[in-house]
Amino acid sequence: MHKAAVTAVSTVAGIVLLLSLKPHRDPAAAMAESPPPAGPPGASSSPSPGTGPSGASTPAPTGHSSSGGTSGTSGTYTGDVSDTAYGPVQVSVTLSHGRITAVKALRTPSDRPRSQQIAANAVPRLTQEALSAQNAHIDAVSGATYTSEGYTRSLQSALDHAGV
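Terminal number for the sequence shown in my numbering: 869, no gaps in between.
The hints are simulated quantities; they were obtained by calculation from the structure and are not laboratory data.
From the three backbone atoms N, C-alpha and C, an ideal C-beta is built for every residue, glycine too.
Check before you lean on any hint, since a few could be wrong.
What follows is a set of in silico ranges between Cβ atoms, one per label pair, in the way DEER data are often shown [stated by the list, open to error]: (1) P829 x I720: 30 to 40 Å; (2) D816 x G719: 37 to 47 Å; (3) T806 x G848: 48 to 58 Å; (4) V711 x R804: 23 to 33 Å; (5) V717 x A790: 17 to 27 Å; (6) D816 x Q839: 28 to 38 Å; (7) P829 x R804: 49 to 59 Å; (8) N840 x L723: 28 to 38 Å; (9) R819 x A718: 33 to 43 Å; (10) S837 x G780: 19 to 29 Å; (11) K708 x Q839: 55 to 65 Å; (12) L811 x G719: 15 to 25 Å; (13) D844 x R812: 46 to 56 Å; (14) H842 x H707: 46 to 56 Å.
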């Protein structure tokens with residue numbers, strides 16, 4: 706009888722502790738939230754973890770900056786390619802007067818049918834999150850962690866290239 710009571714109390718205590726734990730913050734999201742290094746807008750920053758020093762992509766700002774400074778930035782900016790465990794992710798962001806008006810996935814993991822399926826599900830959600838948040842501090846899509854991290858890194862890179 707005594708063992709059953711101890712077991713029941715231990716089980717309940719363990720469940721309560723387990724339910725009260727908060728999940729860890731994603732390291733990629735924590736890095737995305739850190740302020741950009743000081744320097745003039747458009748200055749190159751070091752590559753994000755996991756993107757590799759190869760510089761596989763070149764930023765391609767196709768827009769222009771208005772005279773209003775960074776708050777008035779307009780144009781389309783391409784983020785760096787972010788290599789993930791399942792393939793590369795790259796996005797471009799369109800800004801109008803400093804506001805994100807569109808995000809387009811240029812590259813997503815596509816070498817496996819499952820990777821294509823995950824990307825097809827995750828990218829629209831990530832795009833909607835980015836448009837709502839107006840920055841790269843967005844939640845990952847469950848089941849698409851690597852794609853979400855790559856999307857966030859590339860989006861932050863594009864925003865850095867834009868100087869916002």
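Hints versus structure:
At about 36 Å, the CB distance of P829 to I720 agrees with the hint of 30 to 40 Å. Roughly 42 Å separates the CB atoms of D816 and G719, a value that falls within the hinted 37 to 47 Å. A C-beta distance of roughly 28 Å is found between T806 and G848, which places it outside the suggested range of 48 to 58 Å. With their beta carbons about 60 Å apart, V711 and R804 fall outside the hinted range of 23 to 33 Å.
For the pair V717 and A790, the beta carbons lie near 39 Å from each other, so the given range of 17 to 27 Å is not met. Taking the beta carbon of each, D816 and Q839 are about 32 Å apart, inside 28 to 38 Å as hinted. Evaluation of the 49 to 59 Å hint for P829 and R804 yields a failure: the beta carbon distance comes to about 20 Å. Remark: the range hint 28 to 38 Å for N840 to L723 is upheld by a beta-carbon distance near 33 Å.
At roughly 40 Å, the beta carbons of R819 and A718 sit within the given window of 33 to 43 Å. At about 21 Å, the CB distance of S837 to G780 agrees with the hint of 19 to 29 Å. Separation of K708 from Q839 is about 57 Å and conforms to the stated range, judged on CB atoms against 55 to 65 Å. The supplied range of 15 to 25 Å is broken by L811 and G719, whose beta-carbon atoms lie about 47 Å from each other.
Under the hint 46 to 56 Å, the C-beta atoms of D844 and R812, about 21 Å apart, miss the expected range. Between H842 and H707 the CB atoms are about 52 Å apart, so this pair conforms to the stated range of 46 to 56 Å.
When each numbered hint is compared with the structure, violations occur for hints 3, 4, 5, 7, 12 and 13.
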